[in-house]
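Q: What follows is the residue order along each chain.
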Amino acid sequence: MDLELILLNFPYVVAIILFSMGTLIVLTQANLVKKVIGINIMETSIFLFFIAVGNMHGGVPPIYDPAYPEALYVNPLPSVMMLTGIVVSFSVTAFALALIVKLYIYYGTISAPNFMKLK
Amino acid sequence: MDIIGMDALKVLPFYCVIIPLIASFCMPVLARWKKEFCAPLTTAVTAAVFIITIIIGNHVIKGRAISYAVAGWRAPWGIEILVDPLSAVMIMLISGISLCIMVFSFTAIKYELERIVTGWFYTAFLLCFSGMIGLVISNDIFNMYVLIEIAGISACALVAAKGTRLSTEAALKYLLLATVGSGFILFGIGFIYMITGHLNITFIAMELALIKDQYPILIWTTLSFFVVGFGVKAALFPLHLWLPDAHSSAPSPSSAILSSLVVKVYIIAFVKILFIAFGLEIFHETYIRQLIIVLAVLAMLAGSFFAFVQIELKRRLAYSTVAQVGYVFLGIGLGTPWGLAAGMLHIVVHAFMKTCLFLCAGAIAYQTGRKKVNEFAGMGYLMPVTMGAFTVAAFSMVGIPLFGGFISKYGLALGSLEAEMPLLILVIVLSGLLNATYYFPIIGQAYFSQDESAGDNHGGDKKKFKRDDIPLSMLVPIVIVALGVIYLGIFPGTILKFINLTVSVLL
Chain A
1 MDLELILLNF PYVVAIILFS MGTLIVLTQA NLVKKVIGIN IMETSIFLFF
51 IAVGNMHGGV PPIYDPAYPE ALYVNPLPSV MMLTGIVVSF SVTAFALALI
101 VKLYIYYGTI SAPNFMKLK
Chain B
1001 MDIIGMDALK VLPFYCVIIP LIASFCMPVL ARWKKEFCAP LTTAVTAAVF
1051 IITIIIGNHV IKGRAISYAV AGWRAPWGIE ILVDPLSAVM IMLISGISLC
1101 IMVFSFTAIK YELERIVTGW FYTAFLLCFS GMIGLVISND IFNMYVLIEI
1151 AGISACALVA AKGTRLSTEA ALKYLLLATV GSGFILFGIG FIYMITGHLN
1201 ITFIAMELAL IKDQYPILIW TTLSFFVVGF GVKAALFPLH LWLPDAHSSA
1251 PSPSSAILSS LVVKVYIIAF VKILFIAFGL EIFHETYIRQ LIIVLAVLAM
1301 LAGSFFAFVQ IELKRRLAYS TVAQVGYVFL GIGLGTPWGL AAGMLHIVVH
1351 AFMKTCLFLC AGAIAYQTGR KKVNEFAGMG YLMPVTMGAF TVAAFSMVGI
1401 PLFGGFISKY GLALGSLEAE MPLLILVIVL SGLLNATYYF PIIGQAYFSQ
1451 DESAGDNHGG DKKKFKRDDI PLSMLVPIVI VALGVIYLGI FPGTILKFIN
1501 LTVSVLL
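Line order of the protein sequences matches chains A and B. Going by my numbering, 108 is the number at position 108 of the first sequence; the sequence numbering is gapless. So the mapping is simple: my numbering equals the position in the second sequence, first residue as 1, plus 1000.
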């Protein structure tokens, strides 16, 4: 029963595993570029989660077709929201990489423990 | 309002967001053409928004919230802007404080930043400004997320504007942790959307009231995601790691904005989600309340301890912010009328105090180049007006009567009596005393200690008051916010009326 539930909802499970992985990578990896990759994994998992929320079994794309008035449409709103999410994720990545380039010019390394200390 | 009709009034909150947004995109172009125009234009935009918010506040104080459906799409589908009295007081605070800081930045930016980044600094500021105002008045949680990101990323840019090693490092740290925080918030929004099917806070509240018994674990998960997300964003104690670096290495106008406004708007968003969307029943049934109180108490004590050991003035002020965020969260955690009202009042008071302190720190560094707390000997005579404002703000921070900080701390004490947790009063008093231990040495040194370095040059007149040698554009904002602190301490009634109008609806 539980296994069946998990198999039916596997996008959610994958999303949660990816989210945990991404968060862990951001917080534990020393390499700054790896940290940025972690953020991307984390945000991608959220996109997956939202799209899974909007999906339906047997749903069709939400374009009205008079031939099938009773068609089951997929909820388009979460997908549209994730377009915004992708833009946000893109800009964060770009900004973070720009800062990393600048730090590399200053320190000659992109490994965080060499300079990021708790003061 | 008599001047403006109801239809026009409804659109005004929208203009508060859109005017700075458009101005921010004009700024890089303007900076290419004439760099000198950036600061006056930004100040003019901020002033215009301030006037608009006062008109809105004037209307909302009568007890009628302004609701506006953006682009004509009605509430459950479209984005709704809702200005309740609490939001009204917050947008007035954000635009008023920003106006003071912008006037201060006229000279401070020339001194602290390279000339080439001036235009970009004002771009980032205006984006952050519109993001903060939008976040406070938005009634749609996904829209809130977008505005959180706008405010958050541009706040990172405000830190990075200085371009030194430390500020770049701090900005990256801030960016990474803030993105983790907003990831948590977005996941929480996803959970809410999954169980309610709504994004509008009013509709989420109605839906959650019906189905909250079906999803106890999911609601608990969602709440903890929001606590972590907003906790990182608002620098609640164990999640505050980005704050001291970011606030101390930023240029002083940025530090003032970050410390007094940016961390606070997230708290307002959290209060809206917690008390309106989830509602009081969930607040009392889950253990969210105890969690928030424990974190707040830790923040109040630990933030003050950390502040005590800092040598650099701006770092000390930054850790003090961690402690003050604790006060605000304590008010939220108490969840009683006085507690919540005092927490919200503390947001207002702290915005004035911290702006005053950071601007004073900036002015002192501008005139004398001193940045450490043990270099303040004789400062009270060297810069009497600045140090006077500093003293007012520090007294208010400690919670001495007649200053703003006293009212909110007194309110929190009343709130903890209402919530039947009298031990919390001890924590409030203890934290106040700790505040005293790290602010009073600075003040004592400034007024009662001899300045050896100045003594050689000036002979016998080192105890004589001199005039502050800082430009008027720095002096005036400092004096205004210091007067604001005193005003809030003596006449807190108007602000409390706004806050109580909302709190009485929430509780």
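By construction, these hints were calculated from the structure, which means they are not laboratory data. It is possible that part of the hints are untrue.
Stated by the list, open to error - Label pairs and their calculated CB-CB ranges: (1) A/D2 - B/G1197: 20 to 30 Å; (2) A/N9 - B/W1073: 26 to 36 Å; (3) A/V87 - B/P1238: 49 to 59 Å.
Said to hold, decoys possible - Sample of chain A residues at the chain B side, in silico, Cβ under 10 Å: (4) A30; (5) N31; (6) L32; (7) K35; (8) M56; (9) G58; (10) P61; (11) V74; (12) V92; (13) L99.
Note that the structure is a prediction, hence the values are computed from the model and not measured. Ideal placement from N, C-alpha and C gives every residue a C-beta, glycine not left out.
Q: Next step is simple, just say for each hint if it's right about the structure.
A: A quick look at each hint next to the structure:
Separated by about 26 Å at the C-beta atoms, A/D2 and B/G1197 satisfy the suggested range of 20 to 30 Å. A hinted range of 26 to 36 Å holds for the C-beta pair A/N9 and B/W1073, which are about 32 Å apart. In this structure the hint that A/V87 and B/P1238 lie 49 to 59 Å apart at CB is violated, the actual value being about 31 Å. Checking A/A30 against chain B by beta carbon gives a least distance of about 13 Å; that is not within 10 Å, so the hint is violated.
With its C-beta approaching chain B no nearer than about 12 Å, A/N31 sits outside the 10 Å limit, and its interface hint is violated. Restraint check, A/L32 versus chain B: the minimum CB separation of about 7 Å is within 10 Å; hint holds. Among the interface hints, the one on A/K35 holds; its C-beta lies about 6 Å from the nearest C-beta in chain B, closer than the 10 Å criterion. This hint is violated: A/M56 has a C-beta 13 Å from the nearest C-beta of chain B, more than the 10 Å allowed.
With 10 Å as the threshold, the beta carbon of A/G58 stays out of range of chain B, its nearest partner Cβ sitting at about 19 Å, so the hint is violated. Among the interface hints, the one on A/P61 is violated; its C-beta lies about 19 Å from the nearest C-beta in chain B, farther than the 10 Å criterion. Proximity of A/V74 to chain B is violated relative to the hint, the smallest CB-CB distance being about 14 Å (cut-off 10 Å). Interface restraint check for A/V92: the shortest CB-CB distance to chain B comes to about 5 Å, inside 10 Å, so the restraint holds.
Annotation: A/L99 was flagged as interfacial toward chain B, and the flag holds, the nearest CB pair being 4 Å apart, inside 10 Å.
Violated hints for the displayed structure, listed by number in ascending order: 3, 4, 5, 8, 9, 10 and 11.
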